[in-house]
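Colleague: Here are the chains, one letter per residue:
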Amino acid sequence: MTMKQGSIGVVTSSRMELIDITNQINQIISESDYDSGICFLYNPHTTSALTINEGADPAVQEDMLAALKKIVPSDLPYKHLEGNSPSHMMTSMVGSSEMVFFEKSSLNLGTWQRIFFCEFDGPRKRKMHWRIMPA
Amino acid sequence: MTMKQGSIGVVTSSRMELIDITNQINQIISESDYDSGICFLYNPHTTSALTINEGADPAVQEDMLAALKKIVPSDLPYKHLEGNSPSHMMTSMVGSSEMVFFEKSSLNLGTWQRIFFCEFDGPRKRKMHWRIMPA
Amino acid sequence: MTMKQGSIGVVTSSRMELIDITNQINQIISESDYDSGICFLYNPHTTSALTINEGADPAVQEDMLAALKKIVPSDLPYKHLEGNSPSHMMTSMVGSSEMVFFEKSSLNLGTWQRIFFCEFDGPRKRKMHWRIMPA
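Residue numbers (our numbering), protein chains in the order written: chain A, 23 to 157; chain B, 23 to 157; chain C, 23 to 157.
None of these hints come from the bench; they were simulated from the model. One should not assume that every hint holds.
The list cannot tell twin chains apart, which means a pair is met if one copy fits it or any two copies do.
As the list claims (entries may be wrong) - When the alpha-carbon atoms are kept at most 27 Å apart in a straight line, the in silico BS3-like pairs for lysine-lysine are as follows:
hint, residue 1, residue 2
1, K101, K126
2, K126, K147
3, K126, K92
4, K92, K26
5, K91, K26
6, K92, K147
7, K101, K26
8, K91, K126
9, K91, K149
This structure is a prediction, so every number in the text was calculated from the model and none was measured.
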């Protein structure tokens, strides 16, 4: 077995934002020459995350950010002086990694699924690591 | 290495429901002829998820669904017209995939752990993909 | 391919606590003789979890525990008689497993990232399983 690996850059432009990175990941898989396997994605930041959710209607992304802002309180007596403790909490709730199967050199996502880089403390220049393992 | 793969169907009967799929996964592993390895589970839907939690007392599952309904607000001015934005939020909070080790052709779960398919927008006919990697 | 595997013990001393286990995992990788690959971590308990977040300022850990206590209601009419339903909910929100790449026999974490064992119902004697897969 020989895994392939690399990183991609993600530039965010808002404080909180979901960025669809599905096409970039599919291109990586397409260029890997592996027909079938597992794609592992890893976010090395502590105030951003990765998730898989609906991409057809952009309103879903807006609604999820609105819900997250409501779920994670902004007015607790937080001690971290940077002021972004809610962003850290969102990161641990949503998670730092994703795993997706691929077949025929394409991500085996569900009909409505897209992969999103989740910015919770932007705008920033971010990156994301990937590894591809053949089946 | 040769991964094995497949899908199973899950039929849900309520709007929100946790369905214990542990026995089905253990049977898949048992039939795989692999003694030891990692089992990857993937949910291809955007309003359902996978989780691992206590299965001994069914009240835990009820309590988790009650907590999720309380945690994710249902009365925000959501824009997604389908009306199921809270279900999408729950999906990203709980997660689309799980990973469990197996040994002696059986899932290496903790004493109280079971694997649950989490329906957040049912009832529906769902499916779940799996891949098994030998150690 | 030959995965390596094992378990480590984690002793917690509070009801809720984040314990940095990064050094222990790095030592395991260092002793594995694998230069590059993926490290999979698995928590076999139903009221504790694993997460990756900031480790530089201990206040972030305190803030995340404070946020979790606020996010997951403690006063719902829970049915599970053990009284720890919020701990189960936190476990499914934060997740039972983590996956991290490694290179040069060292975890490929981001600058501020550390791996935390999350105790939500301590103090207890816990354990955590790991598997290391070469690239």
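Colleague: It remains to establish, for every hint, whether it holds in the given structure.
Modeller: Evaluation of the provided hints:
1. K101 to K126: neither (49 Å within a copy, 36 Å between copies)
2. K126 to K147: Close across copies (25 Å), not inside one copy (32 Å); limit 27 Å.
3. K126 to K92: neither (41 Å within a copy, 42 Å between copies)
4. K92 to K26: neither (39 Å within a copy, 42 Å between copies)
5. K91 to K26: Answer is neither: 37 Å inside a copy and 41 Å across each miss the 27 Å cutoff.
6. K92 to K147: Only inside one copy: K92 and K147 sit 26 Å apart there, 31 Å across copies, limit 27 Å.
7. K101 to K26: neither (41 Å within a copy, 40 Å between copies)
8. K91 to K126: Neither: 39 Å inside a copy, 39 Å across copies.
9. K91 to K149: within (23 Å within a copy, 31 Å between copies)
Hints 1, 3, 4, 5, 7, 8, counting from the list given before, are not met by this structure.
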